[in-house]
Structures are given as C-alpha cells and as structure tokens.
Amino acid sequence: MQDTKPTTVDNVVEMRHICKSFGTVQALSDVHFELRRGEILSLLGENGSGKTTLMNILSGIYFPDAGDIFVNGKAVTIRQPKDAFDLNIGMVHQHFKLVDVFSAAENIVLGLPGGMTINRRSLSKHVREIADQYGFEIDPEKKVYDMSVSEKQTVEIIKALYRGADILILDEPTAVLTPQETDKLFDIMRAMKKDKKSIILITHKLNEVLAVSDRVTVLRKGEYIDTVQTKDATVQSLTDMMVGRSVSLEIDRPAPTNVKPILKVQSLTVLDQEGSKALDDVNFEVNGGEILGIAGISGSGQRELCEAIAGLYPVTGGSILYRTVVDGHEVDENVVGLNPNELVKKGIALAFVPEDRLGMGLVPSLDMVDNIMLKHYRKKKGFLVDRKSPRKIAERLVEELQIVTPDVFTPIRRLSGGNVQKILVGREIDTAPRLLMVAYPVRGLDINSSYTIYNLLNEQKEKGVAVIFVGEDLDVLMEISDRLLVLSGGRVTGIVDPRVTSKQDIGLLMLGQSIDKEKGADAV
Amino acid sequence: MKVLNVIINLINAAVLAGTPLLLATSGEILTEKSGNLNLGVEGQMYMGAIAGLAGAWFAEQWFGTGGMIPLIIAVIFSFIMGCISGLIYSVLTVTLRANQNVTGLTLAIFGTGFGKFFGEVLGHKAGGFVAVGQETKAMFGNINFGKLTETPFIGTLFFRYNWLVYFALIIAVIMGWYLNKTRSGLSLRAVGESPGTADSAGINVTRYKYGATIIGGGLCGLAGMYMSMVNQKGIWVTDCVSGYGWLAIALVIFSTWSPLRAIYSSIIFGGLTVMYMRIPIPGLPTAIYMMFPYIATIIVLILTSIKQIKEHAQPASTGLNYYREER
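The listed protein sequences correspond, in order, to chains Z and A. For the first sequence, our numbering assigns the number 1 to the initial residue and increments by one for each residue that follows. For the second sequence, our numbering assigns the number 1 to the initial residue and increments by one for each residue that follows.
In case anyone wonders, no lab produced these hints; they're calculated from the structure. Every residue gets a Cβ at the ideal spot worked out from N, C-alpha and C, and that includes glycine. Please note that a few of the clues may not be correct.
To be verified - Part of the chain Z face toward chain A, derived, beta carbon under 7 angstroms: (1) VAL99; (2) GLY114; (3) MET116; (4) THR117.
Chain Z with its partners taken away, still in its complex shape (with noise of 0.2 angstroms):
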C-alpha cells in the first residue's frame, strides 16, 4: 500500500509489492510484475517459485494479503475470477477448467450474462469467426470428453478471447502438446500479440522463452527476481537466474559396461479397450548396463508397453521374456500373464515408476512410511506389520536424495511434485531391480530435481541394471539414451543410436516414416 501511481501508461498490468501466504508458507515476498501492450511475456521460475501463485491473484482466483495491482493504470481490487474478466484479464490454467459433458460451445459461454435461453446457432457462429481470426481449428459442438488435450487447450483460449480478454495468461500450456501443436500454438499467440493483446507465458521451459517471447520475468522461491529483454538473455543466464546459481545443463551418458541381456520382447501384442492393436508386433531387447529410452508421441502405446511388462496390462499375443537364474544355469522366463505379486514371487526383481505417480504409483493421503511399506510388508510373515524398517529406509531416503518434507509421517500429497517423485523412484530403486522402468520420471519437475533422476538413473545404469526410460522431452532422450525406440501407433519404428542420429530423423520416426538405413537406423 505504499505508492498509489504505476510508474508508466504503457503497462496494462503491474503489481506491487505482493505478498501471499499458505497457512505457514509463504508462498510470494514483495512480487513486482509488469505486462506491456502488445507483447508477449515469459514468468519464469521454478516449482514453487510462485509464479502460478501470482497469477492466479491476478485472475481472481486468490487474494493477495499485501500488495496493490494497477491495470491500464488504475489501482484495482481483485476479489473473484468476474472481476478479472470486467478487466478483460483471462487465463488458461494448466488443470484444464472445463466441463466434460459440456460441447465446446456451451463450455465458451458458460457463466456469461445473457437473454434467458442461449441461441446455439449464433453461439456457434461467434465462436466460428474468432477461431478463424488467430488461426484455430475447433467444432463447437464436440464434446470435451472427446478432445485431446491440444483441442482441449484451443477452447479454453477462445474462452479467454470469447470474453473479451486483451491479457491472456496461459499456464505452461506446452507441459501437454507434441512439438507440432507448440509451435501451431506459437503461431497463434504471435497473431494476437499482432492484434495488440498482451499474453503472459508461465512456463520453466528455457528454449520456448526465447522462442515466444519479448520479455522475461524470473521468480525463485516467491521473490522477484529480475525481468529482462529476451533478447539479452541467453538459455545459461536464465537458469542462472532461476535456480540462483550457476548449474551446468550437461546430462551424464556413461559409457555402458558390463552389458547382458535381461528383458527380451517378441511380437508383442495388446488391445486397447476399443478392440484395437495398442502395441502392434513390438520386438526389442533390454540389456543391463544400459538405458532404453522410448520416444513417440504421447498415446503411441508407450503406456501400454511398460503396464503389459509390468504385469498391468492384457497380453493378447508374443511373448516377454526376462532372464532368470535358476539352479546356476541362465534362462529365459516368459512372463506374460502373471501379476505383479506373482513377478514378485517369481523372483523377478522388476521396478515400476508409473506415469500417474499419485494414481498408480503413491497413495496421496499415506505418509512416507507407510507409502514404502506397501512394497515391503509382505517380506516379513506374522499378523502385524514391521514399521521400524520400512522408516528407516524413508529416513535414508529424505537424507540421500534431499527430500523435503516437514518429517516421514506427512502425507505425501502434501509434498510438491519433485519430492514425490524422489520418494517413488527412491522407493522402486531401493528394492534393488534388475529391471528399472520409468515412465515421464521428469514430468512437471523443475531443472534440480530433474538432475537428480537423471543422475539416480545413471547410478543404476552404472550398477548393471537395465533402464527403460520412457519420455517426452526428445532433447533429454537424446542426451541420456545408450538406444532409442521409436513408438508410433503401436509400432516400433526405429531402434536408434542417439548419439548419430538427427532429431529431425526421430521426428519422422515418431510420425511414422522410416529413414534411410544408412543414416543410422537400425543400430541395434
């Protein structure tokens, strides 16, 4: 409440001095932030640095507890989501906020001043003429339920402009898109910064900062940072930045040793619940020592692939076959049909890292202890369980990987994403596998803890252990990858050697296309 004047007419929006606490976390210190007409900037920082936090204040959804907010000059107070509209601010939120059973059309008008019954047809038409003025392709009368994400995505931003909104907020829209979609979603948000409306990026990922935008402002741990041109800045100097020292962007590949078949695949075959192939005659091999990466577009079988290895999923056809040692003598199990508790038994020492970590992976209203001990309470006969060793090994963890968390006995859903997926790999890693499976490990996670898995994997590459490393960030398989499989559509479309293959030969891969042999294809 100190300065009652914005400094300069130019500025649509600028915010002072805000604070905003969480019970007792205080989740933004003295934030300052300023939007221009007609440009296009980045918020930039990591998990929990606050930039969510802050614009979410200034859509309505949370109320500052200090600070003044000045947009088109004026101060403003920002109590509710309709405030923020009669301000012309909207924003797209990173959790979708639509209705599933709604159309598109219905999903656009909703909550919006009117006659008493709606007309569908102009309804329509309106929403029609805006997605043709920036480029967009959407039928208002699908279904959300049937959407993909990217279209999912479209309908919540002509919602936005539907409402009038000269300042867009899009909450790290590209977490969800195939590279195709971003770049088609850059596109759009370059023809409305054309069309003078100023858009607000938040987003941790460096290369489509400098790609999109004009500005950037750098948020760490709730304070502000610093806010500089685009053009200055480069991809080391922002993450300097952001992370608050300098850290080095290299992923380790150490070179694999030791290398021994453990996991074979053979014509492998499973249907989708539709009835048709999700994973269509899969051949491949796993070796200890080394790291699998598997690329594809998302939704090309990669889910399927690691449930039906995992003993999750249905085996219509072929075979897994896992090495085992039985009596001295090396064999092949096949494994397919058994259940987890039978791989278990079997002796097979698989380890699981699920995409959906609080679904499949962790139960969100457990502590630490007691998430560990779903893997361990079998190991010891008798009617009550053993607490002491299951919290021991949480202890080790919180220490080894540097978890944070108020103790072992909070429960995890209280965590932030990173430490949750320190727990679940620490968890599955702990159980000493020969076969590592993880699939998105570094999904929503910021650059510290990525490198943390990235180095955790590395370490059990290193001990001999066979990692599948499945993953969306093509820069990052590449770098970390000993073979790359390429899914499409439920096929293998390439096993590659990333270190002599293009990123553009992979794009074609994952869109279906063979390459050239020679190029390097093939390198198995």
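With the hints as your guide, set chain A onto chain Z.
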C-alpha cells in the same frame, strides 16, 4: 374388457403412488445437479408431511373453514418446511463444509424424528388424533373434469387424478427445460460437474448450491405433504412416508439425473410399490413382492454402470464440497 380395466386401474394407482416420488425425485435431481448429494430426502418428506398437515389443521381452526384456505396454507407450510430442511443441509455442507453423506443421513434421521414428534404433539392437541375436515380432504381428491372424466379409456387414463399429479408433471417438465435450455440451468449443471470451472467462469457457486438445494428441499416437502394429505387423507399416521424418500434417491439414479425421464420412472416405481395390492401372484409372499422396487433399483444400477454414457452419469462433483483456495 375386464383385463383392460385391471390395467387401467393399475396405471391409475401407479400414477397416484408415483406422484410423491416424482416430486421428491425432481427435488433431489435439482439438488444433485448442484453437486450436493442430499441423502436426507426421507427426513425432508417427514418434515413436509407434518408441516402440511399441521398447516391445514390450524388453518381450519383459525379461519373456521375447510377447503381452499387450508389447502393453500398446507402447500405453503410444507414447501417452506422443505426449504428450511434444504437450508440446514446447505449451511452445514456448503458454508461449514461438513461431509455430505453424514449430513444427509443425519437429516434423514432428524426429519423423521421431527415429523413423528410433532405428529404426536399435534395429536394430543387435537385430542386423540389429527384429522382434517371433509372439505379440506376433498381438495386433495380427484378433480372433477366433468364429461372428460367419463370419456372411456382416455378419461379414465388421464383425467382421474388430484391436482398434485398434474402439478408434479408440470414441475418435472419445467425443470427439464430449465436444466437443458436456459443459461442459468447451464450454470447450475456446471456447478455440479466442476465447481472450480464454474467459479473461474464467474458463476457464484455458493448461491447456486444454496438455491438448488433449498428449492429441491421444498419439492421434497411437497412430496411429504402428498403422503399425509393425499395418501393418508389428512390423518396423521406415524409411518406415513414409509421409505418413499429412499426410493426417490434410487429413482434419481433410475432416471439418470433427468427430470423428464423421472416422469415415467416414477410411474414404473409407483406401479411396483402398489402392484401387490392390485395383481396378487398366488404363492408369492407380499413381503417379497414389496421388494420389487428395490430389486429394480439394483438391476438399474448394474445396467447403468455397464453402459457408461457420460451425459447420463451423476454430476461429477456430487458429494464433494467446494473450497476455492484449497491446495
């Protein structure tokens, strides 16, 4: 001819028995569309039943006349009593964010006790038992459509009911139109499906939840009045609601959250509840016969969970309380 008569009589009885179910089901659909799973319908009906009867009885005492005035007072009293029960539920679950299931079950127990207690009190006051006069009773009897009622077949099928039957039908149709066609109905459905979405679209979630739950409660109150004024003919009977409130909750599922489908499903359920009196099956104990509506509910539950149609499902956030700043 005889078979046709039996069928028409059964349909008449089914409609009469289905009407309180239709009123309560419409009320509960409205409530659930706002995301409030109110399991207290049975209690709300009891509260409406006693309020309606007491209203009519006192009106007769005050104004010294039966007929229209006691009728109007009964309607107003039972509706307001239902609204109050909805208000209690809303304050507890929306404002104080109490668990919806527990609150609903408590309301069912509370309302049942409330009805039975004041039924006894009123009985003592009236000197033995409460009963309204003939004139008032006639107001809840079948409407005389004159020649129309005499028309064979059509007359007996459509024009042999009391006014509440037509009123309940109109309410259900209006509610169907409101939910599917109006702007406000769209907002209400959004609140029940995804309150966070509705909130960020500028819809006042609290107001919609209160509004729908209170009006829904009022309809349950009217359904209760039907039990005491029509079924028991204006005499207080301790078990007058007798599980109809629970049936109404099952009917909401049976009619897949659509007030229009509730029309025929309430008639079917009404038929199932009275069939044992109309078409006795030799050798089948009545107790088993009376289980039919509940068996039908279980079968429908199984069928609807096999065939998942998103539009026919429970509103996604039903049973969950909403708090904007939750993290």
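>> A closest beta-carbon separation below 7 angstroms is what the hint needs, so does VAL99 (chain Z) meet it against chain A?
In response: Given a least distance of 5 angstroms, the restraint on VAL99 (chain Z) holds.
> Is the shortest C-beta separation between GLY114 (chain Z) and chain A less than 7 angstroms?
Replying inline: Hint on GLY114 (chain Z): holds, closest Cβ of chain A at ~6 angstroms, below 7 angstroms.
> Does the interface hint hold: is THR117 (chain Z) within less than 7 angstroms of chain A, judged Cβ to Cβ?
Replying inline: holds, 5 angstroms
> Do the numbers back the hint for MET116 (chain Z), that is, is its least Cβ distance to chain A under 7 angstroms?
Replying inline: holds, 5 angstroms
Of the numbered hints listed earlier, not one is contradicted by the structure.
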